[in-house]
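S.K.: Chains as they are written, first to last, in the working numbering: chain Z, 2 to 353; chain X, 338 to 494.
Source of the hints: derived by calculation from the structure; they are not laboratory data. Computed from a predicted model, the values in this text were never measured in an experiment. Hints may contain errors.
[Unchecked claim] Derived CB-CB ranges, DEER-like:
id, chain 1, residue 1, chain 2, residue 2, range
1, Z, Thr77, X, Ser425, 31 to 39 Å
2, X, Ser425, Z, Phe105, 55 to 63 Å
3, Z, His187, X, Gln467, 33 to 41 Å
4, X, Asp471, Z, Lys153, 36 to 44 Å
[Unchecked claim] In silico contact screen, one side only, chain Z against chain X (beta carbon under 10 Å); selected entries:
id, residue
5, Val128
6, Glu131
7, His136
8, Gln144
9, Arg148
10, Lys152
11, Phe167
12, Ile169
13, Lys250
Built from N, CA and C at the ideal position, the CB exists for glycine as well.
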Amino acid sequence: MEGENKKRDWIDLLFKAMTPVIAGLLIAWAGYVGNMTLTSVESKKENARLITELQINREQAESELRKDIFDQALKTLLKEDSGKGDLRSQSKRMLRLELLALNFGDSLSLSPLFTEFKNDLEQAEPVDNEDAIDHPERVAVLQKRLRSLAKKVSSSQLSSVAQHGFLINVRVPLKGFGPRVPRCGHRFYDKEVYIWPDDKVKEQLIDLKDDKDYPDLLKSMLEELGIVTVGKISRKVILTFSAVDHCAKTVLVNLEIIRIMDSKAEVIEVSREFRLDFFNFPKVDNTRLFNNHRFAIVMENFNVKDDPHILVAGVIFPAEYASLRDRPGMREALELLQSALDTEQTEVKVEE
Amino acid sequence: MVTIIGGKQGDRMRHIKTCFDVRNVIFSLLVSTTFPSLADTLHEGEWSGSYTLYNSDTLDVLYDVQYSDLEENKKISITMIIDIEPQSDFTYLLEDVVVDANKIAFKIKKPQETKSCELFAQDNGKYLGQCQSDLDTNGKHLTEILMIPPSVTDKQN
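Just chain Z, with the same shape it has in the complex (with noise of 0.2 Å):
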């Protein structure tokens, strides 16, 4: 019994010993952790504050040098006497326009900058003897190399709004071109004009003429082809196209939109003529539509060569794909809120 009480006392004491020794452990252990765990927080706090800063920086410093090239290309293109001088100084004048386009093309209205150049090039006369040596060519050069930046600003826009919208893909033959291409100041569809969708689907149905479903046939491919929706919104796209200088590069264009209402009843949305070329930048150049739709029309080629005709593509997509600029007036904005809402009871009615 008294060895038994003597091994008790003993655990007892061991206990009594060990327990501060233990808590004081535990407590220093924790307070390890609690310490790791805040540096790591903390760290990682730190890290995230570095990036973003970075990153801010980052943006910063890219700012200011779209900012820095945007006031030297932009000042040097609007000085007084940038339109004089010989081609070498049109040739740098080139060069800042690149710039400016490449980099605030989606932003900026270049079409008054394109079309001032294209003049000042047209009647560009030689400022001394080396000048004159194959000024004519170098001249078309330098226009040949306008029109390819013009294409390629509007192309890659085009593709861009096109992934959100509706594209249409107009081809307009240009018959009577011989195997020589005429002089300058001679008109295509000078007294006749080529309407889309109608005269492309007539060619379509060309070989169906005398056929008794002929009509219907021709109503079902206008209504197919020339019916563009976006949003549930149906229109009718109606393009007719006159007058084209080859040399200029330019042909006549009017447009008529109408919207399709869902009683079948028809408003006329656009009608408006205009002389289109390759300056038409779809984001900015564009036409305000019912329910912050745009539409935007773009010359994709003109091919004077191997069956001559001129390529033009038209685009219906939604407003905020366009240029940061063009923002939604207060009538839009209702008309967009009201939009909404009803697609809004339409959701809830066909849930209940």
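On the provided structure of chain Z, position chain X as indicated by the hints.
M.R.: Showing chain X alone in chain Z's frame:
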């Protein structure tokens, strides 16, 4: 010094000479059909080529080579069409065209300048050369010009 060769040796030499003459004729015929550039006349038809400006921009060119119908004193006419818009403004009728065995020379008269060009036949049947403008007094702004006969273009295709 004159050496008179007679007898059998003379016959042998004459035979060798005749063989050489025949070979020369055959060779010339072969060459003129394969590479018309080596003859004094050019292939009629549409030639291709290029026109490289002094700032290194290169433009494609089409040449329309024609001979007048008159059998005697055949007159060559070459129209150069630089492939750039508007094409009608860059179509030139070449003047003072001279065609030699391995050279073509002509002048391009433009509204503001006249270019004198000399092109030389190359081994591949093409003609390559340079044009100097009358405004280019120091010869620093030469235009490089290339003419490719239809037969060579067909072979390339």
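S.K.: Evaluate each hint against the coordinates.
M.R.: Going down the list of hints, with the structure as the test:
1. Z/Thr77 - X/Ser425: 31 to 39 Å: 34 Å, holds
2. X/Ser425 - Z/Phe105: 55 to 63 Å: 37 Å, violated
3. Z/His187 - X/Gln467: 33 to 41 Å: 35 Å, holds
4. X/Asp471 - Z/Lys153: 36 to 44 Å: 38 Å, holds
5. Val128: 12 Å, violated
6. Glu131: 7 Å, holds
7. His136: 6 Å, holds
8. Gln144: 8 Å, holds
9. Arg148: Nearest chain X Cβ about 9 Å off; hint holds.
10. Lys152: Where the cut-off is 10 Å and the nearest Cβ of chain X is about 14 Å from Z/Lys152, the hint is violated.
11. Phe167: At 32 Å from the nearest chain X Cβ, Z/Phe167 fails the 10 Å test, so the hint is violated.
12. Ile169: Cβ of Z/Ile169 sits 26 Å from chain X, so the hint is violated.
13. Lys250: Interface hint status for Z/Lys250: holds (8 Å vs cutoff 10 Å).
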